[in-house]
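Sequence order for the protein chains is A and B.
Numbering-wise (my numbering), the first sequence opens with residue 1 and increments by one.
Numbering-wise (my numbering), the second sequence opens with residue 1 and increments by one.
Hints may contain errors.
Taking lysine-lysine and the DSBU-like style, the derived pairs with C-alpha atoms no more than 35 Å apart in a straight line are [to be verified]: (1) A:22 with B:428; (2) A:76 with B:433; (3) B:367 with A:76; (4) A:15 with B:433; (5) A:14 with B:432; (6) B:66 with B:202; (7) A:15 with B:398; (8) B:256 with B:268; (9) A:22 with B:432; (10) A:73 with B:428; (11) A:14 with B:202; (12) B:248 with A:14; (13) A:15 with B:432; (14) B:398 with B:428; (15) B:433 with A:14; (16) B:202 with B:248; (17) A:76 with B:428.
Keep in mind the hints are simulated off the structure, nothing from the lab.
Below, each chain spelled out in residue letters.
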Amino acid sequence: MATVEERIRAITTKKLGVEDMKLEDSFTADLGAESVDSIELVAMFEEEFGIEMDEDAALAVETVGDAITFIRKVCKEQGVETEE
Amino acid sequence: MRLILIDSLRENRSNFYPLVLGRPIWELRCGMNSLEDKLVAKIDPDETAYFVPDYMGSYYRTQVAKPVNDVTTLAGDDLLLVDPSVKAADFDPALARGQAPPAEAGVAARGPSEIGVNEQGQVLYARITEEDVGGLTAGSIEKFVASAKASLPNVKCRLSTWDYTWDLVLANCQEITTEFAALGQSGIEGDVEEPLAIRGSKKDVYVAPGAKVHPMVTLDAEHGPIYIDEGTEIHPFSRVEGPCYIGKNSLLLGAKCREGNSIGDVCKVGGEVEESIIHGHSNKYHDGFLGHSYVGEWVNLGAFTTNSDLKNDYSSVSVMLDGRRSIDTGSTKVGSLIGDHVKTSIGTLLNTGSYVGAMALIMATGKPLPKHIPSFGWFIEGIVTKGFGKGRLYETAKTAMSRRGRQWTQQAEEMWDAVFEITSPVRKAAIKKGRRRLSM
């Protein structure tokens with residue numbers, strides 16, 4: 001199974017069409033996500049990891065690195081096993 | 001005699017979703033009045049008290065001056081407890097003040113204690129004399145009604161009832177006509193600028209004081225009466241066909257207002273509207289068709305929002321109230337049920353018999369929407385999502401209300417929080433379905 005970071009990168013690439021991204025890249029400022037894209041990314045992450053994210057907390061995440069940290073935390077809280 | 005309206009006992013109040021998520025059933029409108037207005041006019045009680053679902057009690061107390069969920073109202077007078085879905089016409093006015101009932105009459109509002117139950121055993125009315133009230137359990141409305149049903153004479157009754165929201169829409173033309181006649185008002189008391197074309201009899205038109213009808217307006221009362229209430233303004237090139245009721249302080253903007261519309265107070269309506277009921281503070285400002293629909297309050301329908309009310313094969317329309325099971329309406333003409341605070345984007349296309357839950361936000365994609373959009377759902381890119389959550393929807397509601405000088409209150413927020421929980425299972429299922437589609 002791929003790691004959390006690899007899975008997040010794959011989904012972001014699929015949704016935003018961006019191949020290269022750094023952990024400090026902002027979804028909106030650097031990767032070009034509009035507000036609707038952010039909502040869809042949250043939905044795709046939830047489906048990928050089988051988790052439920054609080055929408056306010058999820059949409060407050062700004063960078064790829066923050067997303068990895070946030071999703072690891074939610075997976076842990078909801079008892080979802082992941083590869084690191 | 002005290003009239004007690006009860007909307008806390010029904011197991012099927014979801015038949016009137018999404019419109020009764022934020023109001024009791026008797027606040028629904030048909031014709032020129034609410035269901036409560038009709039019942040009160042027929043029954044002629046000395047006073048009225050309400051029992052609503054617990055979650056809306058605090059909020060409803062901020063909306064009305066009469067007692068809400070107050071068990072002390074279940075004593076000290078003769079009582080008539082009524083399920084608000086019972087049609088007012090079935091309470092015979094001749095019996096309201098205790099006259100002897102003729103054979104085949106409706107239900108007497110006053111008289112000896114009697115519990116009217118339908119074939120399913122559901123209590124439709126309970127007439128209880130003050131003497132009998134003392135012997136009943138009064139800790140809660142549920143216990144009180146159960147106690148009355150168990151100890152007082154039961155009669156099987158076949159009172160006609162409003163069973164679904166679309167019943168109100170389909171009856172709207174007739175109700176307007178009946179209520180206009182009962183009111184007995186006609187004539188022009190507002191400001192009317194020439195040229196004005198009135199078709200049909202002028203006796204079937206009433207323009208209330210303070211209403212303004214601009215030049216180049218047609219009021220077509222040939223097939224039914226037209227009532228334009230106080231402070232309402234009709235802009236040029238509007239055509240209003242009767243039967244029609246336009247509430248206070250509304251605005252018609254070059255509208256093609258076809259027959260059978262009841263438009264609530266403080267609405268702005270343009271485009272084509274036919275046989276629809278629109279509650280207060282809702283806007284359909286721009287072009288687009290709305291037909292055979294029921295629209296809640298604080299709704300905004302974006303430009304070119306259009307709904308279908310007739311299927312291509314002319315078969316009867318079905319509606320999904322719970323997102324899963326289709327209910328055959330038995331009618332070939334049913335449009336959309338649109339809950340309070342719904343916002344639709346430009347170009348929204350609503351399918352025949354659509355359900356748009358309260359607080360839903362629609363960003364159209366150009367295709368007709370799914371027939372069921374859950375309450376608090378954000379419909380984006382063709383799927384139901386969590387969007388930016390209910391907090392952002394509340395902010396929008398606050399803004400919309402403040403623009404009209406109204407306040408979003410703590411009680412309103414608590415009620416809508418409860419509605420959010422009540423509607424959660426249906427919404428979660430729709431969001432899950434959307435996520436799957438997105439990840440394919």
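Going through the hints against the structure:
1. A:22 with B:428: This hinted pair holds, its Cα atoms lying about 33 Å apart.
2. A:76 with B:433: holds, 24 Å
3. B:367 with A:76: It is violated: about 39 Å lies between the C-alpha atoms, which goes past 35 Å.
4. A:15 with B:433: holds, 18 Å
5. A:14 with B:432: holds, 19 Å
6. B:66 with B:202: At roughly 39 Å apart (the allowed maximum being 35 Å), residue 202 of chain B and residue 66 of chain B break the hint.
7. A:15 with B:398: The given pair, whose Cα atoms are some 33 Å apart, holds under the 35 Å limit.
8. B:256 with B:268: holds, 13 Å
9. A:22 with B:432: holds, 30 Å
10. A:73 with B:428: Satisfied, since the Cα-Cα distance of roughly 22 Å is no more than 35 Å.
11. A:14 with B:202: violated, 65 Å
12. B:248 with A:14: violated, 52 Å
13. A:15 with B:432: holds, 18 Å
14. B:398 with B:428: holds, 25 Å
15. B:433 with A:14: The hint holds at about 19 Å.
16. B:202 with B:248: holds, 21 Å
17. A:76 with B:428: holds, 21 Å
The earlier numbered hints that this structure contradicts are 3, 6, 11, 12.
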